[in-house]
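*Asks:* This is what each chain is made of:
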Amino acid sequence: MSQSPFRAFMALLSCALLLSAVGCSSSGSSPSSPSSPGTPAPTGANVLAISVNTGPTETAGLGPYTNGAFTSVTVCTPGSTTQCQTIGGILVDSGSEGLRILSSALSVTLTQQNDSSGNPIAECAPFASGVTWGPVQTGDVEIAGETAASLPIQVIGAASPPMPVACADEGSTVDSLDTLGANGILGIGVLPYDCNSACAPGGTNPDWYYTCPSAGCQVTTEALSAQVTNPIVLFTTDNNGSIIELPSVPAATAEVSLNGYLVFGIGTESNNALGSATIYGVDSVYGNFTTIFEDTSFTDSGFLDLGSNALYFDPVSSGLAGTECEDAPYWYCPSPNATFTAENEGVTNGNSGTVSFTVVDADSFIDNSEDDNDAVMNGLAGPFTGMFDWGMPFFFGVNVYTAIAGQSAAGAPYVAY
Amino acid sequence: MKSILLSAVATLVMLAIPLPASASLGGDITSVQADQARLQGTLQSTKNASYTIEEVKAATGLLVREYLSANGQVFAVSWHGPTRPNLRQILGTYFQTYTQAVQAQKGRRIVRGPVVLKQGGLVVEMGGHMGWIIGRAYVSSMVPSTVQMEEIR
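Chains A and B supply the protein sequences, listed in that same order. Going by the working numbering, the residue at position 409 of the first sequence is 409; the numbering climbs one at a time, nothing skipped. Going by the working numbering, the residue at position 48 of the second sequence is 48; the numbering climbs one at a time, nothing skipped.
Treat the hints as calculated values from the structure; they're not laboratory data. Some hints here could point you the wrong way.
[As the list claims (entries may be wrong)] Result set (EDC-like, lysine to aspartate or glutamate): computed pairs, CA atoms no more than 20 Å apart in a straight line:
id, chain 1, residue 1, chain 2, residue 2
1, B, K118, A, E324
2, B, K118, A, D169
3, B, K118, A, E326
4, B, K118, A, D327
5, B, K47, B, D28
6, B, K47, B, E150
7, B, K57, A, D300
8, B, K118, B, E151
Build the full structure now, drawing on both the sequences and the hints.
*Replies:* Encoded structure:
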């Protein structure tokens with residue numbers, strides 16, 4: 001941990017905790033919650049260690065990652081127990097579904113998925129930060145003690161098939177370690193497949209999947225079971241969701257790293273009971289709930305996303321417009337710190353609860369060169385109009401349950417905390 | 001703010017006409033019509049004192065709104081739905097500026113999250129998560145002074 005005197009002062013001065021599901025404490029202690037990470041640490045075949053650290057980009061000399069949780073997965077040639085590779089630096093993302101791996105990080109041979117004419121299938125997967133393009137291939141994937149056999153995954157940045165113009169025209173391509181920021185993405189969101197019924201035959205088809213004969217790739221439909229799939233739903237047990245467990249981080253502080261767990265299943269083992277967590281039902285198409293913030297309702301436009309590195313919300317109603325950092329306009333740099341309360345509401349049930357959080361001057365985390373190895377930043381937030389994105393800082397000190405649509409958890413899809 | 005928006009909406013003239021649909025930032029109504037065919041959607045036109053919204057629901061499920069000022073210029077575009085829009089088409093002549101901004105954006109920190117790009121008066125915002133992408137683009141100098149930026153969404 002590195003903490004400047006200024007930050008220590010602000011931590012004492014401000015309403016201490018950066019984010020708490022139950023409100024602000026004046027003690028400066030960790031937030032408490034109905035479902036805060038337990039002690040001792042969870043153990044079992046369904047427990048995956050995750051770590052918020054500077055990631056593979058730092059190792060490669062490309063710069064430190066901020067507020068990203070990384071882990072390792074093992075990928076095998078389908079049917080083989082020897083042709084396997086363990087890949088680290090995989091970003092855990094609750095805002096997407098499916099496993100995606102950079103071609104440059106992959107050395108084991110996977111099985112290309114083809115259409116009925118034998119043409120390879122590839123995908124143009126849209127993220128806010130850009131599209132990932134590449135072939136859909138299947139592999140046997142081991143995550144902690146769980147196995148997803150013949151899992152369709154996306155290989156990003158492969159030499160072929162070439163990216164079609166329509167995909168490139170979506171504007172920004174994420175196809176390398178420095179643009180992706182990770183060796184891959186482990187998407188464990190609230191939906192079972194990445195595109196779901198929209199891309200399946202009979203759906204509206206938002207142009208994610210392509211069939212790629214040598215003459216060039218063309219948009220196609222993709223059956224659900226062939227789509228890049230949330231690995232959890234292919235586990236033989238503990239396949240209805242997960243719990244993200246990260247310890248608390250003191251207010252307005254940055255830390256070098258933070259170790260936590262991704263526990264698979266909800267109510268399937270002795271270590272993954274829902275307990276007294278509040279369920280927020282999300283819509284089954286987008287996976288959103290409602291956030292009410294400063295008298296504005298972001299109806300069906302709020303979400304928890306471990307893969308977003310900060311809290312992102314409206315600059316106008318928060319009064320933070322104009323405090324965007326000069327060298328990083330995607331984050332706020334308020335002075336002094338700004339504290340808020342927002343309310344989350346389930347869209348499929350009537351549950352609601354308030355969340356308090358503090359926004360810290362991002363420059364106080366990042367400008368000091370001695371802090372360059374800090375990966376964990378509590379209080380990082382930035383501007384965005386029309387949604388409420390509860391990114392990484394939300395997850396500090398609160399267990400977050402993600403129940404996948406169509407699986408066995410009662411009331412799914414939902415998030416709970 | 002919410003109530004102001006609602007009352008504004010109540011005074012709008014609304015037309016629902018089936019048309020193929022979408023336009024380019026900085027273009028005019030002819031660019032709206034020229035681009036409409038590509039989205040293969042339905043067009044709904046909404047007018048208030050300051051501007052006209054041409055709203056296109058594309059076959060892909062993507063909803064695109066184009067904001068035309070009184071002088072007929074597209075000063076802003078917004079979108080939300082299951083995918084990213086074709087930015088080359090929507091940004092028109094500003095697409096090059098956008099790609100330059102993407103290149104220039106690299107900061108000291110590797111991050112993932114919503115993207116806010118500002119370059120030469122062009123602002124492009126892209127957020128949401130997989131399966132639900134929202135965003136908008138505008139050119140600050142073209143936005144009528146009577147328009148509150150939170151109306152563009």
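*Asks:* For each hint, tell me whether it holds in the structure or not.
*Replies:* These are the hints, each one checked on the structure:
no. : hint              : in the structure
1   : K118(B) / E324(A) : holds (12 Å)
2   : K118(B) / D169(A) : holds (19 Å)
3   : K118(B) / E326(A) : holds (12 Å)
4   : K118(B) / D327(A) : holds (12 Å)
5   : K47(B) / D28(B)   : holds (15 Å)
6   : K47(B) / E150(B)  : holds (17 Å)
7   : K57(B) / D300(A)  : holds (19 Å)
8   : K118(B) / E151(B) : holds (19 Å)
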